[in-house]
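A.B. asks: One letter stands for each residue in the lines below.
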Amino acid sequence: MERVNRRVILIINVILFGLISILFYSLVYPFHLYYQEQIQLFQFTSAYWKEYIIHPGGFIGYLGAFVTQFYYFPRLGGVIVSLLLVLLFILTYRVARLLKLGNLSSVFLSWFVGFLFLLLHASPLYKTACTLAVLLSLALLCLYFSIHSYSLRYVFGGVVCLVLNPLIGGAYLIFVFCCVLFEAFVKKERHYLAVAFAYVAIGLTVPVFNRYTLYTASVRNSYLSDFYYEIPEWPDLDYRSIINFDQQRIFRQIYYANNGEWELILEDAKQHPPVNKWQLSYVNLALAKTGRIASDLFLFEQFNEHLFCLETKDVISCQISSDVYWHIGYQNYSRMAAFMGTQMNKRPEHAALLYRLAEIEVLNSNFKLADKYISIFENTLFYKQKARALHLMMEDKESSEYVDKRKFIPSTDKFSVINSSMFVTQLNHLLEDNPQNKNALEVLLSVYFIKRDMESLLACLKYIDGMKYDPLPPLYQQCLLILLSVGNESIEQEYSKYSFDISKSITDDFKELNSLLFWLSQNDPDAQRKINEKYKSSFWLYFLSVAK
Amino acid sequence: MKVLLKNMILFALLLYTISCRVSVDDAEIINQLPKLYPDYIDVTIPYNIAPLNFKLLDNAEKIYVKIEGKSGVLTQSGNKQISFSKSKWRSFLEANKGTSLLVTVYSLKESKWLQYKSFSLAVQSEPIDSHIVYRLIEPGYSMAYKHGIYQRNLETFEEKIIYHTDLNGGGCMNCHSFCSQDPEKMLFHIRGKNSGTYILDNKDIKKINTKTPYTLSNAVYPSWHPDGDIVAFSTNNTWQAFHTLKDERVTVFDYKSDILLYDIRKNELLTTPLIASDEFCETFPFFSSDGSKLYFMSCHTVDSLPKKYEEQVYSLCFIDYDVDTHAFGSQVDTLINAFTFGKGVAHPHASPDGKYILYSGVDHGNFSSWNKEADLYIYNFETIENYPLKEANSDCSESCNSWSSNSKWVAFSSRRDDGLYNRIYITYIDEKGNASKAFMLPQKDADYYPQLLKSYNLPEFIKGEMRMSPYFIEDAARTKKALDVQFNGSEKRSENIIHSIN
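Just so you know, the sequences run in chain order A and B.
First residue of the first sequence? That's 388 in our numbering, and the numbers climb one at a time after it.
First residue of the second sequence? That's 70 in our numbering, and the numbers climb one at a time after it.
For the record, the hints were derived by calculation from the structure and aren't laboratory data.
Being a predicted model, the structure only gives us computed values, none of them experimental.
One thing to keep in mind: the hints can contain errors.
To give an idea of the chain B side of the interface with chain A (calculated C-beta under 10 Å), a few residues [as the list claims (entries may be wrong)]:
{"id": "1", "residue": "P208"}
{"id": "2", "residue": "G209"}
{"id": "3", "residue": "G217"}
{"id": "4", "residue": "I230"}
{"id": "5", "residue": "G238"}
{"id": "6", "residue": "L314"}
{"id": "7", "residue": "R318"}
{"id": "8", "residue": "Y378"}
{"id": "9", "residue": "L489"}
{"id": "10", "residue": "D514"}
{"id": "11", "residue": "P519"}
{"id": "12", "residue": "Q520"}
{"id": "13", "residue": "L522"}
{"id": "14", "residue": "K523"}
{"id": "15", "residue": "P539"}
{"id": "16", "residue": "E543"}
Calculated cross-link-like contacts (lysine-lysine; reagent style DSSO-like; alpha-carbon spacing at most 27 Å) [unchecked claim]:
{"id": "17", "chain 1": "B", "residue 1": "K441", "chain 2": "A", "residue 2": "K755"}
{"id": "18", "chain 1": "A", "residue 1": "K755", "chain 2": "B", "residue 2": "K523"}
{"id": "19", "chain 1": "B", "residue 1": "K506", "chain 2": "B", "residue 2": "K523"}
{"id": "20", "chain 1": "B", "residue 1": "K166", "chain 2": "B", "residue 2": "K135"}
For every residue, glycine included, the Cβ atom is placed at its ideal position computed from N, Cα and C.
Hey, can you work out the whole structure from these sequences and the hints?
C.D. replies: Structure (structure tokens):
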């Protein structure tokens with residue numbers, strides 16, 4: 388009866404813990420798992436295996452990478468993580484019970500350990516290999532505890548202590564520690580003190596021995612492992628905090644961006660407006676990609692003085708920079724940013740960045756090099772289709788997507804760097820070489836809008852005219868009305884060279900705004916409300932905010 | 070029962086052996102050379118090189134190769150690739166050294182064997198040095214993350230770490246250089262964490278700080294004097310410029326550079342205005358094989374860099390040097406004038422026997438790795454000729470060459486494999502100073518290179534295994550304080566002439 392009660396208590400707790408974990412990781416917090424998959428790109432090759440196995444804990448690192456590849460589907464990743472955590476919960480309970488802890492104490496310990504690892508998994512720096520290593524340790528402990536013959540148990544324990552460290556890294560210490568506890572305080576059989584001491588001695592010296600015989604590794608990695616966590620070059624997002632929803636939002640955006648779901652980035656941003664420069668960069672990139680940057684730029688607060696965070700300080704900024712440059716046609720710099728991102732990553736096989744490198748080499752007709760990158764994707768589970776698509780591009784040199792991109796590759800050589808402050812110069816360079824580069828123009832105009840640089844906007848009228856917009860995007864019409872309202876002769880002269888069509892509705896809106904501004908100055912509270920409601924996404928309001 | 074079991078096992082073994090035997094007697098002969106990766110067709114190899122494992126690029130179900138020599142035949146079969154037994158390969162080459170082998174490759178497709186046109190493999194009796202050292206690093210730009218300096222046994226496939234960023238906790242290690250291919254005497258730099266120049270001499274490590282107020286930078290490109298107590302360094306103000314044209318990536322250039330000598334025993338830097346001037350950029354020094362001359366690259370200082378980067382074209386110059394008195398000659402002479410020759414000089418090295426200088430001929434710049442047109446050129450002192458090594462070159466960049474200790478083999482980095490990732494190629498230099506077709510450094514797995522996203526940088530032959538433990542270097546890096554070098558000159562470089570020790 389008592390046994391049944393214990394079992395029921397355990398089951399209830401396991402289910403409860405499992406539900407919390409699945410709800411959290413599948414629904415609320417799954418996208419950093421996707422990012423973990425991106426930055427390791429598991430491949431079924433001997434070279435990939437060897438890269439792991441020559442390091443301490445290489446076997447579990449490889450197994451962890453194998454499991455992580457399924458995080459390609461983030462919500463599935465959440466389920467997998469939850470299953471691992473549930474298993475951890477159960478094994479912790481089992482080991483605790485075998486160490487003669489009481490039932491409630493064991494359940495409490497399971498909650499403690501389970502919850503600790505649940506929190507750890509929320510960090511993008513924490514790798515699944517560590518949880519697998521702990522699970523393997525606990526599983527071997529259960530096996531060890533089940534051996535009744537002490538001599539057989541000692542031999543088994545000794546062998547496991549010897550081989551476990553190079554296979555799973557620092558988690559072997561859990562095995563060693565629990566064996567010592569078991570022998571010294573639970574079993575107390577023949578020579579138990581000597582055996583406990585032997586376990587400690589083996590546990591502490593085996594990593595040193597392995598360091599000089601099996602592999603070349605630092606002292607820290609010999610005792611721990613290279614595969615439990617990593618500190619890549621990371622944006623200043625306070626990665627030390629365990630659960631960070633701002634960071635999670637960026638990973639969500641990366642997931643959408645990598646899958647070409649730019650509309651979803653915008654929908655999500657409407658619910659959760661961007662709060663940092665990386666999130667804003669993705670929103671602005673989504674606007675550019677969906678052709679809405681010329682109409683909806685100010686739907687989102689442009690709190691950053693630059694449209695995008697173009698820098699190469701960290702992996703995510705490199706990815707943003709690469710995406711932006713790819714979009715506008717500055718391929719060499721897109722490649723440079725992607726390359727630098729792969730260097731900052733712990734492994735060069737960063738899925739999105741490597742794919743970008745492959746795309747660019749296809750574009751540049753460097754097929755041997757493109758093939759090298761594509762073959763990496765062919766050795767994965769989930770990227771074969773992408774690899775095939777790139778192969779088709781190579782064969783079909785007239786593919787429309789790449790024909791367009793090739794048209795806008797710069798034809799003059801200039802030197803620059805990846806930096807937000809150089810962006811305007813770079814965009815102008817692109818337009819000088821190719822005035823028909825619509826992507827570059829719309830991004831350049833957006834930069835001028837944010838800077839409220841009316842003079843430069845005036846200078847771009849020739850490019851706007853060249854694009855033959857029909858109709859002219861709302862923001863451009865709004866800008867023209869501001870220019871015309873200045874009453875400056877040279878502006879009017881410049882404007883008169885072109886025949887822009889400003890719609891009646893926008894002209895009426897402009898008049899109405901002027902009227903509301905008058906009433907606002909008369910302290911009419913209704914005026915403020917009407918202005919905010921109707922004009923909050925207009926360039927006019929943004930432009931006027933400089934006067935406040 | 071036991072006898073029956075034994076017989077059954079023997080029978081099974083016999084069946085297995087028979088089934089493994091390949092019969093290519095009825096193979097259809099096709100008159101074309103096989104497409105091998107790596108390409109080992111008509112190459113010249115040393116007798117002590119590791120097996121040239123390869124794969125056939127024709128989607129064969131099975132491959133078979135037959136190598137015929139004066140002393141015997143070596144055969145090997147494989148499914149995806151050919152992997153020779155190390156011992157059989159070695160003894161076969163030993164027995165056939167100094168001769169040419171005939172290699173015939175067969176492939177099985179749709180149950181039919183095809184026989185490709187045979188090709189030759191020349192086996193030289195001059196051995197290659199047993200080891201080669203290189204840096205494995207991503208072919209990036211301004212930063213370097215995980216990378217290391219490795220040594221590879223050329224007679225086997227064994228690769229060992231000399232030092233690695235994992236042990237150092239980060240940083241950048243570069244410019245490894247050995248004194249006369251001696252594995253026990255080398256130096257390299259670490260920048261960033263545990264920075265300094267590390268001079269390893271048998272069991273001793275010296276860590277020095279080469280930056281002084283009188284010099285442009287830390288010591289950069291090194292070259293040992295044959296006596297082992299003097300090292301020539303350049304100091305460089307190096308920058309990179311990133312192109313926007315699709316076929317260009319990066320140009321590396323120096324705003325300024327000078328040359329200094331470092332006396333290891335006295336911990337002293339010394340120079341002369343003739344090799345450290347404002348008017349010229351002097352860099353990449355190296356000594357002649359007898360140590361009596363100091364060669365270096367030189368060009369006029371160019372304003373408006375990087376815009377005018379194409380004007381930075383280096384000639385090869387030299388100055389006399391007396392190692393006993395530390396006296397420099399009174400003038401600089403030009404061996405190769407870039408303007409009259411039509412090509413600039415980069416990465417030059419003298420052969421140990423003093424007969425040749427090998428360098429990369431480039432249109433501009435001193436860092437030939439990023440110059441697609443960079444090809445290997447040789448200056449032949451016997452015939453006073455300066456010419457490209459056509460057989461060894463490709464249409465991608467060839468850079469960073471190294472001579473073997475017997476001056477017969479040259480290793481160099483080439484991007485020819487895919488246009489970006491440098492691989493080590495080896496070529497034979499005959500008595501007339503001509504090169505053979507270069508072959509890629511063999512690997513155990515023929516699929517190794519396509520999967521590798523790192524470049525081989527700065528290959529250097531050494532005569533044996535470098536035995537210092539990486540942990541010893543790690544310990545020195547963490548615990549030793551860098552010794553500041555003394556500059557033997559009283560004025561700052563930018564202000565006035567720097568005096569030599571005389």
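A.B. asks: Which of the stated hints cannot be reconciled with the structure, identified by number in ascending sequence?
C.D. replies: No numbers; nothing is violated.
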